[in-house]
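**Q** Using the hints, position chain X against chain Y.
Number of protein chains: 2
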Amino acid sequence: MKKRIKKSIAIDMDETVADMLSRQLQWYERTFSVKLERADLYGKKIYDVVPKAHLVEVKAFPDHPDFFKDLPVIDGAVEAIKTLSSNYEVFFVSAAMEHPNSFTAKYQWLKQNFPFVSDMNYIFCGFKGMLNCDYLIDDSSRHLDVFEGQGLLFDAMHNKHQKGYERMCSWQEVVCYLS
Amino acid sequence: MKKRIKKSIAIDMDETVADMLSRQLQWYERTFSVKLERADLYGKKIYDVVPKAHLVEVKAFPDHPDFFKDLPVIDGAVEAIKTLSSNYEVFFVSAAMEHPNSFTAKYQWLKQNFPFVSDMNYIFCGFKGMLNCDYLIDDSSRHLDVFEGQGLLFDAMHNKHQKGYERMCSWQEVVCYLS
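Chains as they are written, first to last, in our numbering: chain Y, 1 to 179; chain X, 1 to 179.
With the rest of the complex left out, here is chain Y:
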């Protein structure tokens, strides 16, 4: 049994490094000709605000092979993770089992945007409670709730009302906190 030397950070993908919400709003407008603003989603997920009749289609957006194509990276994530990589072992951990058709697209997006993190450090899973890492940075509190290390809640529109977590408002704050 080898012991790891560096401390490790597991980093979520959707809404933590990948700006899913921009694409969801863009595709929602394109599909239903209704423009939603980010401000409409304060404390809510897009699924909470769209009409029920649109829900199935909106939930299927991430299954489309083009969903991750040119998806923007969350501001500051590349520089921050590059900096963190020198002192921590960095893993990307995505709850990809919710969208099994998106595996390859997610893999390619990570390779393209974070070429300095080995793909051997990607983890596609469902349940994040089985991660043996020191930190988990995630916008979903349900994943932090089952994680046994220290969880950091990455600020996102949908989690604005959630209390009781160590909130990181930006990637700059993450670097500051972990330095």
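One or more hints might be untrue.
As the list makes no split between identical chains, a pair holds if one copy fits it or if it spans any two.
Straight line, CA to CA, 20 Å or less: simulated SDA-like cross-link-like pairs of lysine to any residue [to be verified]:
1. Lys7 / Gly149
2. Lys59 / Met157
3. Lys45 / Asp145
4. Lys111 / Asp63
Hints are computed from structural coordinates only; laboratory data are not their basis. Because the structure is a prediction, the values reported are computed rather than measured.
**A** Quick look at chain X alone, frame taken from chain Y:
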């Protein structure tokens, strides 16, 4: 932070529950008209015995979308894992990052053959040292070497010479050991 009640078992896929070797031998014969016997592979991987000129093609077999189609399950695995599921939380953990094109095929194979294990408990990764599980059952000693819980080496042709691991010769033995 929620604590899990059941002990957990991470189970490797290739050569632990999925009989990859049968398919490799079958496709090798079909591609190169050379019949290799399982006995030729005692203590060796197929990559160690085929001529160098065939290596690239043989290594690419698992990238083919049909590789996992109707791939047989290792003898006794279904019944054993069904039995273990009542007392343990079972995860399937595959080092799928080595064959990124195989994600969807692996996912479908697991769904089809182990419908009683939730896909939320599938993990596709590279490095297995970040698993927070009590046991890891794997035919590759390199994964057991980095795992921090108790590793069990699942007997396979290629690992016959490896010493110093708790070897499980069959799925019946796994059930007996963990009961």
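**Q** Does each hint fit the structure? Answer for all of them.
**A** Hints versus structure:
no.: 1; hint: Lys7 / Gly149; result: both (11 Å within a copy, 18 Å between copies)
no.: 2; hint: Lys59 / Met157; result: within (17 Å within a copy, 45 Å between copies)
no.: 3; hint: Lys45 / Asp145; result: within (19 Å within a copy, 42 Å between copies)
no.: 4; hint: Lys111 / Asp63; result: both (19 Å within a copy, 18 Å between copies)
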